[in-house]
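Participant: Residue numbers (my numbering), protein chains in the order written: chain A, 795 to 1104; chain B, 795 to 1104.
Careful, some of the hints might be misleading.
Because identical chains cannot be distinguished in the list, a pair is counted as satisfied if it fits within a single copy or across any two copies.
Said to hold, decoys possible - Pairs of lysine-lysine residues, derived as DSS-like cross-links and limited to a Cα-Cα distance of at most 30 Å, are as follows: (1) K861 - K916; (2) K916 - K1016; (3) K879 - K925; (4) K925 - K1016; (5) K858 - K989.
Think of the hints as simulated: they come from the structure by calculation, not from any bench.
The residues making up each chain are set out below.
Number of protein chains: 2
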Amino acid sequence: MHRTYSLRNSRAPTAAQLASPPPPTSSTKSGRFFGNGSIVHSFRRSAAGSMGPDLARKLAQLVKMEKNVMRSIEQQARERREVAKQLSLWGEDADEDVSDVTDKLGVLIYEIGELEDQFIDKYDQYRITLKSVRNIEASVQPSRDRKQKITDQIAHLKYKEPNSPKIIVLEQELVRAEAESLVAEAQLSNITREKVKAAFNYQFDAIREHSEKLALIAGYGKALLELLDDTPVTPGESRPAYDGYEASKQVIIDAENALASWTLDQASVKPTLSIRRADVDDYDDEEEEGAEWAEDEPSAVVEEGKVLDA
Amino acid sequence: MHRTYSLRNSRAPTAAQLASPPPPTSSTKSGRFFGNGSIVHSFRRSAAGSMGPDLARKLAQLVKMEKNVMRSIEQQARERREVAKQLSLWGEDADEDVSDVTDKLGVLIYEIGELEDQFIDKYDQYRITLKSVRNIEASVQPSRDRKQKITDQIAHLKYKEPNSPKIIVLEQELVRAEAESLVAEAQLSNITREKVKAAFNYQFDAIREHSEKLALIAGYGKALLELLDDTPVTPGESRPAYDGYEASKQVIIDAENALASWTLDQASVKPTLSIRRADVDDYDDEEEEGAEWAEDEPSAVVEEGKVLDA
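Chain A with its partners taken away, still in its complex shape:
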């Protein structure tokens, strides 16, 4: 990760990097002209920046770039499903155990593709929420422009015709424009925070769900591999008959149930934070209750342990 803790500063090379410069990037990772859609994607990105109000330009570009990310995931989901089918197809001619296990692995990998598709839909929610920030940014721009324009007109008049009665009219107009602008800026401030928070909460919840489900699938995949009989046979020796059909089917059923019943509350990957956020006073009561619960849990386990030991 970035030792500077910011994307804005460029990193100075570390001592290790100076001692042994990194190798050139692999040829597959260089830009391709055809292939991975870089033309369309970069066009979409740069076109977004060239229109619309100044204030909303960067965010508009971000929203377009997120569309590119979504398309890449879509592509990957499609290819994942094709790979799954091909794996199953390949295994079909093999011995019974290889045939059954590859077919079931295919089912799991196909499911990864399906989950990727579901992830895209959730990622889109994030993107759409970002759009509403872009929209408020775009709508605040005219009120800023208007205020600026009146201020300029007053300065111009004061220089050219210091006694013009128009100045008073303009100054009254400026007061109104400033009032409008105050409201607009407060809206921008409130909506930006609310929506950025909501958008990234969507994204991170989607990532958590997607990741934990993928990790589950990988676990079930490893269980399937156990059914492959890889004890070496000598030439002419035949393998014992395969009897894993029930077991492999059960792994798939288990996987299906685990995925279907997964909820965010069950998420098992938890970050460990070294700073206790004491400044979040509003949530303190809830947090303490939660902490009590968390502390109760182990002692419940303790009770069970005692019963088992007794």
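Since the structure of chain A is already known, use the hints to place chain B on it.
Facilitator: What follows is chain B alone, placed relative to chain A:
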């Protein structure tokens, strides 16, 4: 997931599907001629099938298709990093809290891109291991062909010149070819199992690592969002000064440490299997030892709990 538990059977539509047919797929998901590289990808796939020995054809195709998957992930990783930079860039002009939080979110999202790159390298290990299965398949083909050819020659001679002395020579040759073939088939059987197991263990371990790390990042991302002050302000009111710089930096440091110290042993997403594999006799001893350890752990926690309670 597939209710038929196999990718080979086509699914009959369910009652629910018959009652309400699914909507047409979204326009973004249809095949694109330009854009997501479908031409290059499908060319690579179909070219692979048209060469090489019959036996290895399907697997050769799978290996190429996996290359496509890798390229899609690469593309995604690249775009993820661009999105991260753009997010940080957008936030730069905003208020202090929004600016700091979006910059740090950018760091986390950039890291997702980096992890995706690392995942590709591991995925490539899987693909390379599959290649060795393809190679053994390809090398077994000639011995099968030779046996078949001799068998055909003998049948032909027996029909045309039943008393030809060449028949005996060919029959001796067939015995040798069969011996060679027995060895080749045993090699195929052993290597296929060994390598398929190794390959998918690579893949699933890579998926577990990648997923759990992403889930961690999402968790830290949510912690960052807490630093955004989203209590609404009224027009003209100014927000309290932002004092989250230390906290946000600490979140990044925590995330960095959590990612750096993550190992497969710590994986927290565990599949629950309803079938106990009693047939894996070889591992029984180890497994029981493992189970004992696992049972010891909670009681160790118990001890600690007692100390804390006392």
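Participant: Taking the hints in turn, state whether each one holds.
Facilitator: Status of the hints after comparison with the structure:
no.: 1; hint: K861 - K916; in the structure: both (12 Å within a copy, 27 Å between copies)
no.: 2; hint: K916 - K1016; in the structure: both (28 Å within a copy, 16 Å between copies)
no.: 3; hint: K879 - K925; in the structure: between (37 Å within a copy, 18 Å between copies)
no.: 4; hint: K925 - K1016; in the structure: between (41 Å within a copy, 20 Å between copies)
no.: 5; hint: K858 - K989; in the structure: within (17 Å within a copy, 42 Å between copies)
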